[in-house]
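Chemist: Take the position in the sequence shown, starting the count at 1, then add 2; the result is the number in my numbering.
No lab work stands behind these hints: they were computed from the structure. Computed from a prediction, not measured in an experiment: that's the story for all the values here. Do not take every clue at face value.
[To be verified] Cut-off 27 Å, straight-line C-alpha distance, at most; resulting in silico cross-link-like pairs (DSS-like, lysine-lysine):
hint, residue 1, residue 2
1, Lys118, Lys64
2, Lys156, Lys64
3, Lys40, Lys213
4, Lys156, Lys27
5, Lys161, Lys319
6, Lys319, Lys118
7, Lys161, Lys213
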Amino acid sequence: NLSFNSIVNLIERYPIEAIETIIQKSFRNFKRRDLLEKTRQEIERLHQERVADDTVPCAPSKEIHAERVAEIEAEIEERKRRIEAVHRLATRHFTNRRPILEKMGLFEELMATEGKIPDALRLLHAARSERFRKKEHLRIISRLERALDDDGIKIQRIKEEILGLRRLTAFDPCRACANREACLQSPKRRFPRRLAERYKRLHKEERRIFKDFFDKLQTLEEIGYITETHEHLAGARVLKHIQIEEILVTEMVLEGIFEGLESEEIFAVCTSVCYTFPRSERVRVRLEGKLQELARRIAAIRTSHNVVAAERVAAVKYTYCPDMLHFGYLWATGHTLAEIALQLNTETDVTGDLINAFRRARDLIKQLKDVFSEDPYMSERLSHALWLISRDEVNVID
3 NLSFNSIVNL
13 IERYPIEAIE
23 TIIQKSFRNF
33 KRRDLLEKTR
43 QEIERLHQER
53 VADDTVPCAP
63 SKEIHAERVA
73 EIEAEIEERK
83 RRIEAVHRLA
93 TRHFTNRRPI
103 LEKMGLFEEL
113 MATEGKIPDA
123 LRLLHAARSE
133 RFRKKEHLRI
143 ISRLERALDD
153 DGIKIQRIKE
163 EILGLRRLTA
173 FDPCRACANR
183 EACLQSPKRR
193 FPRRLAERYK
203 RLHKEERRIF
213 KDFFDKLQTL
223 EEIGYITETH
233 EHLAGARVLK
243 HIQIEEILVT
253 EMVLEGIFEG
263 LESEEIFAVC
273 TSVCYTFPRS
283 ERVRVRLEGK
293 LQELARRIAA
303 IRTSHNVVAA
313 ERVAAVKYTY
323 CPDMLHFGYL
333 WATGHTLAEI
343 ALQLNTETDV
353 TGDLINAFRR
363 ARDLIKQLKD
373 VFSEDPYMSE
383 RLSHALWLIS
393 RDEVNVID
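Build out the structure end to end from the sequences listed, making use of the hints.
Modeler: Structure follows, in structure tokens:
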């Protein structure tokens, strides 16, 4: 499966048609590609048999095809109107709760999103983690989040319908034939029916091949990383450098988690998304001060709409372990592996897993250096973090 990182890099370099060709040629799609080719050969053979039988001559018409495409485009426009209706419904969620939202100081900000679900959810998640503590306010935010999540699922389904309709605009000689009705009534009516079956199979297999790509592409659009024309926005410009816990780390960058941190704290944050202890191991660390605040902020991002939506589509679970903030910080401040192991209090030896986590965190810092390449302060902090953690256990000799 293509990662989100791969997709944003592909759409930056190639048009969608070229990407479809790349995906079709991938080794993973070899069997499906073989089935597609066999189906196309069957369609060609049936066309030749049909042309050879002149009971009712074939008469494919570009005009009829154009009319059919126009009908499909009208259906697509109708679905786009349904998407706009869902956006309007989203704004009604706010107006129906206007008094309490005005009291909370959220109404004007939510209305400014114009019903754009990712923007509204990002605002609500930020409000939950930074501004509100009362149970009453948190209940209101939770209800809005659930309602907007449901609206987001509706929009996703409509967009899938649009993609299916777009594939039907491909030229089908039988459906565009001027003699189609007479052909269906003739003794040779099996031809158009068999052809229709083959075209249906062809379109079905094409959808299977590209489903993963288009699902993730739609998700990137839904969460505000790219535009409808697949141009990069801020999220995609960060994501194209991030390969570890892709959307989670990208959201952390966009939310300013790394800004203003010391090198030791940067490494601690990176370590927290690179490993989580097994359930059988009860590791409990009491975080204090800045690490405690960082843990709270990252936890809010971890459960945010954008991260959860990406997990659902990619069928992965992003890693986040607040306890690892502590152990990453210890390593960055010069503690030895033996000293850290004394604080683990686990039944099994997990020091090897810790070393792997530290190495993975180092790789993540290198990716963040590409993200912050034009920020001298952050570049210096990240380089210093790499220097701090470069010890024999973490370094890999090529």
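Chemist: Given the hinted pair Lys319 and Lys118, is their alpha-carbon gap at most 27 Å?
Modeler: It holds: about 25 Å lies between the C-alpha atoms, which stays within 27 Å.
Chemist: Tell me if the straight-line CA distance from Lys118 to Lys64 falls inside 27 Å.
Modeler: Given that 27 Å is the threshold and the Cα spacing comes to 39 Å, the pair is violated.
Chemist: Given the proposed pairing of Lys161 with Lys319, does the C-alpha separation stay at or below 27 Å?
Modeler: Cα-Cα ~24 Å, so holds.
Chemist: Under the criterion that the straight-line Cα-Cα distance not exceed 27 Å, is the pair Lys40, Lys213 satisfied?
Modeler: 21 Å, holds
Chemist: Does Lys156 pair with Lys27 here, judged by a C-alpha cut-off of 27 Å?
Modeler: Roughly 32 Å between the alpha carbons, so the hint for Lys156 and Lys27 is violated.
Chemist: Are Lys161 and Lys213 close enough, with their CA atoms no more than 27 Å apart?
Modeler: 12 Å, holds
Chemist: Does the alpha-carbon distance linking Lys156 and Lys64 stay inside the 27 Å limit?
Modeler: Violated. Lys156 to Lys64 sits at ~35 Å, over the 27 Å cutoff.
Hints 1, 2 and 4 from the list above are not met by this structure, while the remaining hints are.
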